[in-house]
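For chain A, the structure is supplied; the task is to place chain B on it using the hints.
2 protein chains.
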Amino acid sequence: MTIDASHDPALQSWVESANAADTDFPIQNLPFGRFRPAGHDEWRIGVAIGDQVLDLRATGLTDHTDMNRLMALAPDERRALRRSLSAGLQWGSAQEKAWRAALFVASSVELGLPCRIGDYTDFYVGIHHATTVGTLFRPDNPLLPNYKWVPIGYHGRASTILASGQPFTRPRGQLKAADAAPRLALTQRLDFELELGLFIGRGNRLGEAIPITSAEEHLFGIALFNDWSARDMQAWEYQPLGPFLSKNFASTVSPWIVTMEALAPFRRPFVRPEGDPQPLPYLDSEANRHAGAIDIELEVRLQSRAMRESGIPAHCISRSNFADAAYWTAAQLVAHHTVNGCALTSGDLFGSGTLSGPRPDQAGSLLELTQAGKQTITLPGGEVRSFLEDGDSIALVGNCSRAGFRRIGFGRCEATVEPSPAMG
Amino acid sequence: MTIDASHDPALQSWVESANAADTDFPIQNLPFGRFRPAGHDEWRIGVAIGDQVLDLRATGLTDHTDMNRLMALAPDERRALRRSLSAGLQWGSAQEKAWRAALFVASSVELGLPCRIGDYTDFYVGIHHATTVGTLFRPDNPLLPNYKWVPIGYHGRASTILASGQPFTRPRGQLKAADAAPRLALTQRLDFELELGLFIGRGNRLGEAIPITSAEEHLFGIALFNDWSARDMQAWEYQPLGPFLSKNFASTVSPWIVTMEALAPFRRPFVRPEGDPQPLPYLDSEANRHAGAIDIELEVRLQSRAMRESGIPAHCISRSNFADAAYWTAAQLVAHHTVNGCALTSGDLFGSGTLSGPRPDQAGSLLELTQAGKQTITLPGGEVRSFLEDGDSIALVGNCSRAGFRRIGFGRCEATVEPSPAMG
Chain A
8 MTIDASHDPA LQSWVESANA ADTDFPIQNL PFGRFRPAGH DEWRIGVAIG DQVLDLRATG
68 LTDHTDMNRL MALAPDERRA LRRSLSAGLQ WGSAQEKAWR AALFVASSVE LGLPCRIGDY
128 TDFYVGIHHA TTVGTLFRPD NPLLPNYKWV PIGYHGRAST ILASGQPFTR PRGQLKAADA
188 APRLALTQRL DFELELGLFI GRGNRLGEAI PITSAEEHLF GIALFNDWSA RDMQAWEYQP
248 LGPFLSKNFA STVSPWIVTM EALAPFRRPF VRPEGDPQPL PYLDSEANRH AGAIDIELEV
308 RLQSRAMRES GIPAHCISRS NFADAAYWTA AQLVAHHTVN GCALTSGDLF GSGTLSGPRP
368 DQAGSLLELT QAGKQTITLP GGEVRSFLED GDSIALVGNC SRAGFRRIGF GRCEATVEPS
428 PAMG
Chain B
8 MTIDASHDPA LQSWVESANA ADTDFPIQNL PFGRFRPAGH DEWRIGVAIG DQVLDLRATG
68 LTDHTDMNRL MALAPDERRA LRRSLSAGLQ WGSAQEKAWR AALFVASSVE LGLPCRIGDY
128 TDFYVGIHHA TTVGTLFRPD NPLLPNYKWV PIGYHGRAST ILASGQPFTR PRGQLKAADA
188 APRLALTQRL DFELELGLFI GRGNRLGEAI PITSAEEHLF GIALFNDWSA RDMQAWEYQP
248 LGPFLSKNFA STVSPWIVTM EALAPFRRPF VRPEGDPQPL PYLDSEANRH AGAIDIELEV
308 RLQSRAMRES GIPAHCISRS NFADAAYWTA AQLVAHHTVN GCALTSGDLF GSGTLSGPRP
368 DQAGSLLELT QAGKQTITLP GGEVRSFLED GDSIALVGNC SRAGFRRIGF GRCEATVEPS
428 PAMG
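Sequences listed follow chains A and B, in order. Residue numbering for the first sequence follows the numbering used here, starting at 8 and increasing by one per position. Residue numbering for the second sequence follows the numbering used here, starting at 8 and increasing by one per position.
So that you can see chain A by itself, here it is in the shape it has in the complex (with noise of 0.2 Å):
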């Protein structure tokens, strides 16, 4: 990826909220999102800056607002668009006073889904996930021998994605306990999981794979995904086909998509562990060796209600890192996904998985945090968790820094648990 004047980390802009040392969005980022002012059902695109949001039609920049059109664009487009946003929104541009009425203030619009999904997939890169569960589900089996070999992956459900902040309902389901019949019931054992999601722009045609040193051109951006979990639900339902309903009645994706371009500065070598099997050659290619990793911070934050109540702020439960938690690349991922011939579509989402760090306390979830529910984690105010009760929030917020480069932020993605209507 080309480091371009777009990231020099001197550019000001003449949103004042985007100079500020703390913002996620300055205007060396420039995420994509969908939005709408209150008393509008249609939705737009937005570009965040500081604590604003800019209409892209009403630039000029493009003259629609389907956001999974603009993610179509050749990458040649849209490295343009991002050059033309870049220059409207820097200090002593012409654009400035045209600009400013296509701004509206970040908090008083609504933030959707970033784009409609098509088709939903969830890999499985996180190999310290995949080990540590694999050991409670499987311990005498932890990580399968095909895990070093193929980029795990399975369908998901769009229909169920959620745009950040919207609340779901606890799920019921089949539980089976070790010497008892299974019954229907409230999930016990409620988890989130710590993933990116990843957008595709650029889609491919039926029966043509596309090559991994292509692949990153199909790529438009990426976005904080939660992909809540019922764990007692999945342990029973899993097997063979794989987890079900224990995943597809929520998942939560943030707002806006950080795009690939913004990223530039952020990728770090590859390097598969040693001893560990080479890629087969579809999967290898010199780029991704350099520079496949992306360094993006990843923490996740538990409120619950009582502390929101009380005023305490969500306490940091888990931090860890894309580049270390993650055995398999975006660029990998791709070119597996379609090297059978399938045909991805713009806003299609890749779920990564589960983004553990290699450490305990950097766990993904609360399955690997308290060890399927052996052990509790303690809230500010004396509370204790084994799984998430009702009320509580969970956001993940994500961000890479770099020296000599300005931080940049991914927002937030974040659902509060409701309780479920009494039984029908």
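Hints are not guaranteed to be accurate.
Note that identical chains are pooled: a pair holds if it fits in a single copy or bridges any two copies.
Stated by the list, open to error - Calculated lysine-lysine pairs in the DSBU-like style (CA-CA distance at most 35 Å, straight line):
{"#": "1", "residue 1": "183", "residue 2": "381"}
{"#": "2", "residue 1": "155", "residue 2": "381"}
{"#": "3", "residue 1": "155", "residue 2": "183"}
{"#": "4", "residue 1": "104", "residue 2": "381"}
{"#": "5", "residue 1": "155", "residue 2": "104"}
{"#": "6", "residue 1": "104", "residue 2": "183"}
If you're looking for bench data, these hints aren't it; they were derived computationally from the structure.
Using the frame of chain A, we list chain B on its own:
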């Protein structure tokens, strides 16, 4: 389900081909699909009648061309539409003159996917299939302990579901022989799966389960469905999260959705084998026990390229029946899928899973018919098959018959395997 005057076997249509004894589409059927005449881009809603397609909007019975919107009609409205279609197409109807102008010769128009498919779930209701395949993949553990409690299902890929007649290419993927490292190669074990596709009509709201007592109100109807599978890829990739690239390269659906109303005369009691556990209450109802099963005769026909070129007709390689093959009913699938609050949407597709009958010659896949390639089947003309070869076409057909009623059919679900282009 109510049997009303629209099922009267004495009813004749002014569309003469609909009165032929061997038509799939007599006036007692009236399935819905999407078609477009040559030179037109937009899909229209059609009703199959004999060898003709009736343009629904041109009859004045709807004012739009959106099949998904039609499918979302309330059940009373759907039934009223069926009655109007039946009356208008009857011999002596006052509509004959006007509606003749709304007819197209079926062979002259393009038949597409019957609707936009939002989310696609594949179930696994075929207990004989699950047992046989379980024996091949897990000899010591063929039918897992959850099978008779949980209607096992998993999410599939919607973007690669193809209209009948659309070819696809042999996929490549990772294959692994027992004592060798995995390699990328074209599948050597390409298979079909004989399934039915259940289409959702009205959806439900996130968080609101559909009780089994109203589950069928949310089903629009049933089509034929072929879930093409690459068995060698499947064996290597499917643990622990289920099949992925071995399935998502292509699935084929037939053009016509036979409505639940049309199927009313062919319902059967749904009886669990003695000694099996009773379904949990959310999967049980008197109506489901009384008439949850549907008597649909199914058949698989294979025609190789050589047979096609020699004029040898497609050869029947298996016969089965939905009612004999399925351990779970359509209503149970809807109730199970939503018990956790998962939102279904009009146009969602449920694959039934492979519908193998109890006898070996009733198997719904080559995996079963050839015992994972250990045996071969011989085709007319002398060719043998263990799995599918390039140029082979598979056609699924189905029909319902019962003394005192007109036979109704499902049309054809057909596609041909094309050779893969040279590997890039």
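Cross-check of the supplied hints:
1. 183 <-> 381: within (18 Å within a copy, 38 Å between copies)
2. 155 <-> 381: both (29 Å within a copy, 30 Å between copies)
3. 155 <-> 183: both (32 Å within a copy, 13 Å between copies)
4. 104 <-> 381: neither (59 Å within a copy, 75 Å between copies)
5. 155 <-> 104: Neither: 54 Å inside a copy, 67 Å across copies.
6. 104 <-> 183: neither (63 Å within a copy, 62 Å between copies)
Of the numbered hints stated above, those contradicted by the structure are hints 4, 5 and 6, listed in ascending order.
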